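Fit chains B and C to the given chain A structure using the hints.
Here are the chains, one letter per residue:
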Amino acid sequence: MQITTPQFKENATRAIQDASLQKALKNVETGFIAKRLAATDALPEFDALRDNARDIKNHTLAHLDLYLEEYEKKVTASGGHVHFAETAEEARAIILDICRKRNAKSVTKGKSMITEEIGLNDFFEKNGIQPVETDLGEYIIQLRGETPSHIIAPAVHLNKDQIESDFRRVHTHLPAGRDLSEHEALLNEARQVLRKRYFEADVGVTGANFLIAETGSSVIVTNEGNGDLTQTLGKCHVVVASIEKVVPTLNDCAQILRLLARSATGQDMSVYTTFSTGPKRAEDPDGPEEYHVVLLDNGRTAMLGTEFQEMLRCIRGACMNHCPVYHAVGGHAYGAVYPGPMGAVLTPSLSGIEVGGNLPNASTFCGRCESVCPMRIPLPKMMRHWREREFEKHLQPTAARYGLKVWAFFAKRPKLYRAAVSVAMPLLSALGGSKRRIHSLPLAGGWTRHREMPAPEGKTFLQAWAERQATGAGR
Amino acid sequence: MSARDNILSKVRRSLGAAGDDPQRRATVKTRIADAAPGLIPARGQLPSEERVKLFCYYAEKYGATTARIASIEGLPGEVSRYLKSRNLPASVRMGSDPLLAAAHFESEPVLTVLTGASDGNDLAGVSHAQAGVAESGTLVLASGPDNPVTINFLPEHHIVAVKAEDIGGSLEEAFARVTATYGKGEMPRTVNFVTGPSRSGDIEQKIIMGAHGPRALHIVIVD
Amino acid sequence: MTKKPTVGLFVTCLADLFRPTVGFAAAKLIQDAGCDLEVPMAQTCCGQPAYNSGDRADARALAMQAIEAFEEFDYVVAPSGSCAGMLKKHYPGLFKGDPTWEPRAIAFSAKVHELVSFLTDVMKVETVQSSFSGTVTYHDSCSGLRELGIKQQPRKLLKSIPGVKISEMKDSEVCCGFGGTFCVKYPDISNAIVEKKVATVDDTGADLLLAGDIGCLMNMAGKIRREGGRTEVRHVAEVLADMTDVPPIAGK
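Quick note, the sequences are listed as chains A, B and C, same order.
Under our numbering, the residues of the first sequence are numbered 1 to 475, in order.
Under our numbering, the residues of the second sequence are numbered 1 to 223, in order.
Under our numbering, the residues of the third sequence are numbered 1 to 252, in order.
Bound-form chain A, shown alone (with noise of 0.2 Å):
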């Protein structure tokens, strides 16, 4: 995917202005926020569950190598292969590989982030291979040619008029007066459309929302059942998941399941959790011949031991259904696979903080995806050791760092700081005049160009009360 991070702010103004996305944003305010809290009011248990899964996500990235060795010799022991890449680049030719040795011209997908993240699509048409995503958030944005807006529901940026034109663009092969005009009649056309597509692959690829050491099982989400289909009934099943997915065991896997569903969508549980253990066995009459996971690194490694090594419990959950960044510009302003508080977190360490600076700047920290982070993560306090790094080397904007510099050269002055203040504030004072507020002021244009400046009232606190003091005037 080309990141256009650097140019957040200009996206996110265009977004702001996007009628149609706007409209669109409104369900996601108002839907996700709603149902999450339902279901996790309605689990006492939920918090004590939060803080059992840090703790196991804790202790497995302290042993992440151990974990990761015990889940390769019970996935080779089931008829499985591991493969271990370092880089997108290496997992993008493992996975071609693989293809190429079943001579696979269709690949059908379940939703992954992963595969976006290393741009799994654009290489395998690159390389001759269809590829069809089948879940239908995700095949609404492959007809549009688009990147997912958000990790759960790609296409939650989109209205339903625009999903309809898309089909008919399309689906040409279906009867042109056809009734699309309710949410049912699209369903329906996209499970017909797909359901053939399943059959017809040679590979079938998911991601993995966890990997068990414990039985060498890989573990899918879904609602639709597409990750099922896609990895059943495809002859060659493909996992690619990052390395920081595995949980030791079945059990630890319970703790954190709790918190998924309720947490994104505001499920109990979601329609299929499937656990995906080797290839089909001898008896078996369904199921893929081969099974094949791929282990990504692609930065991980370097995030573990360091300020951020706690970002790697994310389960992608939450936060960014709560972040009112987020509601104002939607997923795609990002410019970066993740979006939202994760991705604020995230991009700078899977592309560097030059390229994903504004992320982690372009929040407000008040905290809210934090304290709905199924996992416990400190988002706010992370996107600060971002802020942090910039300072050290230099990359924030010439015109802010001068300023807080300025500000703070007189705060670490009080004496100084009296004297420019006492004669700064009635200034300011005079002329937001009797209305006591300024129109517009120059150096303050990123405030006065949508709000009023309220004037100060004249002398300062301090010099008030001194004053009240000596003269004994008040307490």
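Treat the hints as calculated values from the structure; they're not laboratory data.
Here the structure is a predicted model, which is why all the values come from computation and not from measurement.
Every residue gets a Cβ at the ideal spot worked out from N, C-alpha and C, and that includes glycine.
Each hint should be verified, as a subset may be incorrect.
[As the list claims (entries may be wrong)] So the derived list for chain A, only partly shown, Cβ under 7 Å to chain C, looks like this:
| id | residue |
| --- | --- |
| 1 | LYS196 |
| 2 | THR364 |
| 3 | TRP465 |
Structure of chains B and C alone, referenced to chain A:
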């Protein structure tokens, strides 16, 4: 050095840990061997009859329909009834599951029973779930000739028989059953935890049933 | 006779520079609650702008200044959830591993309180005397809410005023879009967020919008006045201390 070696040694370097550290190895081995359950919500920890009721509550919340029969012999009749009520042809696909065999579907001659994996042309499929999970209304189905996985996903209507005594309170109990059946650390190719019929909210966040998997799930609880 | 608790008032830079009335209101409330109040003159800023911009060195320097000026008091009280949050929750971390300053910062942080929660939770104030009359709505500023748990306390004291009627806004806990330097770094996004907030304020029909943080209040007041809305804006301390004679924030 292979990518595998590079990645593992990077992990160790980042953590400041040694791969051959006996303490770390023991910790990992023990955790996997013990596989201790964590916090189990009180919700599903009920006497058996209340557990079954809770199971039905959640299954129905997620769009399944439920029925209860006194013994497995009642299954063919229930399946026929279901198909008739949905105006479906009297034909189902199922595997070679012993419990389903014990139902004696031949006692219901009007019903055509096809066996084996589904090829996508079945309108209805019948499976037997190893377990149920009351805390979320979830069914647990394992792959194999007894219950081919394709029957869980391809037919439009999925009818699943589960024994009342196999409905546990928690996910952990379901995992314990799987472990008991296949052995510690062993799994069949696929274990599906199914909660309701297939659904999608991808079009304007409106929830619709029957995305890719079954549009209807009918659970038959067998006493 | 037991000695009165001593309180150092950390007035906050925004109150000091833009709205001294809040400082006087805070002082009155703290003294009425039975404390001996002092205002150290060497205070300027809690260091949050530097801290949130990644400048830990300047943040540390300002923290040391604040700790030195205030650590002698029994309590340090600030009429701001965001500044109090900085002093209470973030100062210790700035000195992690420093054998001299970490203990001092921890001891200092233990004494820090946001104004309203200090009155209700520490001084056990149940009612305030205020002649204010009108319908108010209350915005839950993010730091106060999520770092310090301030939610019920301002409402409790407001309800103790006979003339006050509270009309809760929808999504009172959603950010107003100020975020310190965020509002000038990303003005269009900040504006989109404050527009939504101001619409929910408008829907309450309240005469007056209150909150415990001047940054949020200036942001929301500036927007309401630009849009020509009818709601006036004040810091909650002004109502609690019966000091609503001065013009509201950004005028009428």
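Quick rundown of the hints versus the structure:
1. LYS196: This hint is violated: LYS196 (chain A) lies away from chain C, its Cβ roughly 43 Å from the closest one there, beyond 7 Å.
2. THR364: Check passed: Cβ of THR364 (chain A) comes within 3 Å of chain C, closer than 7 Å.
3. TRP465: Nearest chain C Cβ about 5 Å off; hint holds.
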